[in-house]
Amino acid sequence: MNSDLFPEPSGDPSAGPGEIETTGNYLVVLAEDAVEEGVSVLRSKTGIGVALADAPDEAVVTAEELEESDHVLFPSLGVAVVKADPEQQDALALASHEESSVLAVEPERVVYAAEQVGIEPDLEAAGALAGLSPDYLRGYRDAVDGLLRSLGSSSGQAAAAAAVDESEAAWGLQVTKTVSSHFSGRGVRIAVLDTGFDLGHPDFAGRTVHNQSFVAGEAVQDAHGHGTHCVGTACGPDEPTRAPRYGVAYEAEIFAGKVLNNRGKGSDGSMLAGITWAIVNRCKIVSMSIAGRAPRGASPSLVFETVARRASALGTIIIAAAGNDSRRPVGVTEPVSHPANCPSVMAVAAVDSGFAIASFSNAGINPNGGQVDIAGPGVRVYSSWPRPTLYNTIGGTSMATPHVAGIAALHCQADPRITPSGLRNVLAQSARRLPLSSIDVGAGLVQAP
Amino acid sequence: VSAQEQSGDEQVAEVTISVDEDHVGTLDAVAERLRAVGLSVDELLVEIGIITGRIAESRAEDLEGVEGVSRVERSRTYQLPPPESGIQ
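Protein chains in written order, with my numbering: chain Z, 1 to 449; chain R, 450 to 537.
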């Protein structure tokens, strides 16, 4: 794996790979609703006792405490800046994986505020005026910067996305190597279970779109847009009526099942009926950009796990969205949704064009199979939309999922005898490793054969 | 519980039922037994061994004891954001 392919992971676009300078301190992001618990976990698991720093009127005392303690906590941010020896660094890393109250640990970077040089004297002056030590202010600034950097998904994502030339192909097709693949998904059947499809979309003229509604009283015709967008990503044409290309498996056979109504609502029953339809029609791939929030600690549905196993035995893989419940910029990471949390369903997270995890993307934090399996492009994704709009750019794990489904079809074409479990393996093994936690992105970014 | 709730129509539970491996081949017979305990069957999904339907809330527990049933779950509902939302 070529690590030089990875973009600079920090929010500072001027710093190249390998140029990240760290202070030796660590930023510890605690769960917003469990800061106190996080503090006590830090003390018991790493021996690091953090001093409280908060309101400016308490800060004079706190700043003095800071000088003595080397560690400081900003409760309103839920971020602690700590000094850690190598043993404590390991303990911190372990705590961030095992403790729900410790969301993330990362080295404090020296260079990420572009104006740092100009700010230094101000810190001295401001500190003197307010009765705060420059160290205190520096710590606070770094904590805020750390939070802002984890925001990368909004501000940084937009900047990174702008850097990708999408005049010929959507960025998601470029980073997954779909554009250079020799495969088109020819003859492979993909079912997209969603809000239906705009059957009159000009980019699909002359293409057979098998379709079926499982919503009482509503035709397949998509009056929402979500389904048309997902079908577009998974199966859109090589040469759309207007560039850029946005579809992966442009010669796959499309099965558009409507299991969500035109207001975007649906149920387990219609989803299961759609899965059955896909199996009966020998679809090798089912793409479901449908996610129901799973409570923290919840086990997956045994009904859906049974269904996914039976589907697999009949030759059909089910690929589903990990869900969009997380709010990473404020330190909230939620577990993978139903039904993606079933062990036999492939769960897809979303990354942006800078290869950062999307701010909303759920993580593998629940037991019994609730992992993320793989990641796909899911921020600022351009694809088809019902007439008269024709195209739309949106984000979500819903958009990442049909990238994986379309690429799965390319793998099926490459190896027509591949089984669902073989397909699952090849998707994971060929994924591009990312410098991110497998809790967030599983095996990494999906890649075309 | 208010008098109004007591006198109102009883809640109906939408359920999905998986049939165990030994009874996947005889889904019709399992469905008949489920009807006998009050299930109004919506669909028999033969390929995946699933029966969906509706039953009075107070009788939903009875479904679990029916021969051939491996699991009964309440049907979940899903709601996408509106079309104009930037995150889907």
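Incorrect hints may have been included.
Stated by the list, open to error - Think about it this way: if two alpha-carbon atoms lie no more than 20 Å apart in a straight line, the pair counts; the simulated EDC-like pairs of lysine to aspartate or glutamate are:
| # | chain 1 | residue 1 | chain 2 | residue 2 |
| --- | --- | --- | --- | --- |
| 1 | Z | Lys265 | Z | Glu251 |
| 2 | Z | Lys45 | Z | Asp85 |
| 3 | Z | Lys265 | R | Glu463 |
| 4 | Z | Lys265 | R | Glu522 |
| 5 | Z | Lys177 | Z | Glu251 |
| 6 | Z | Lys265 | R | Glu533 |
| 7 | Z | Lys265 | R | Glu516 |
| 8 | Z | Lys83 | Z | Asp70 |
Rather than coming from a laboratory, the hints here were simulated on the basis of the structure.
Checklist entry - Straight-line Cα separation of Lys265(Z) and Glu522(R) no greater than 20 Å? => result OK: Lys265(Z) and Glu522(R) at ~19 Å, within 20 Å.
Checklist entry - Do the alpha carbons of Lys83(Z) and Asp70(Z) lie within 20 Å of each other, as the hint requires? => result 6 Å, holds
Checklist entry - Hey, Lys265(Z) versus Glu533(R), does the alpha-carbon distance stay inside 20 Å? => result 15 Å, holds
Item to check | Pairwise hint evaluation, Glu516(R) against Lys265(Z), where the allowed Cα distance is 20 Å at most | outcome: The hint is violated at about 33 Å.
Checklist entry - For the pair supplied as a hint, Lys45(Z) and Asp85(Z), is the alpha-carbon distance within the 20 Å limit? => result Satisfied, since the Cα-Cα distance of roughly 13 Å is no more than 20 Å.
Checklist entry - Within 20 Å, alpha carbon to alpha carbon, are Lys265(Z) and Glu463(R)? => result Satisfied, since the Cα-Cα distance of roughly 15 Å is no more than 20 Å.
Item to check | Straight-line alpha-carbon gap Lys265(Z) to Glu251(Z), limit 20 Å | outcome: 30 Å, violated
Checklist entry - Are the Cα atoms of Lys177(Z) and Glu251(Z) separated by 20 Å or less? => result Cα-Cα ~17 Å, so holds.
In this structure, the earlier hints numbered 1 and 7 are contradicted, and the remaining ones agree with it.
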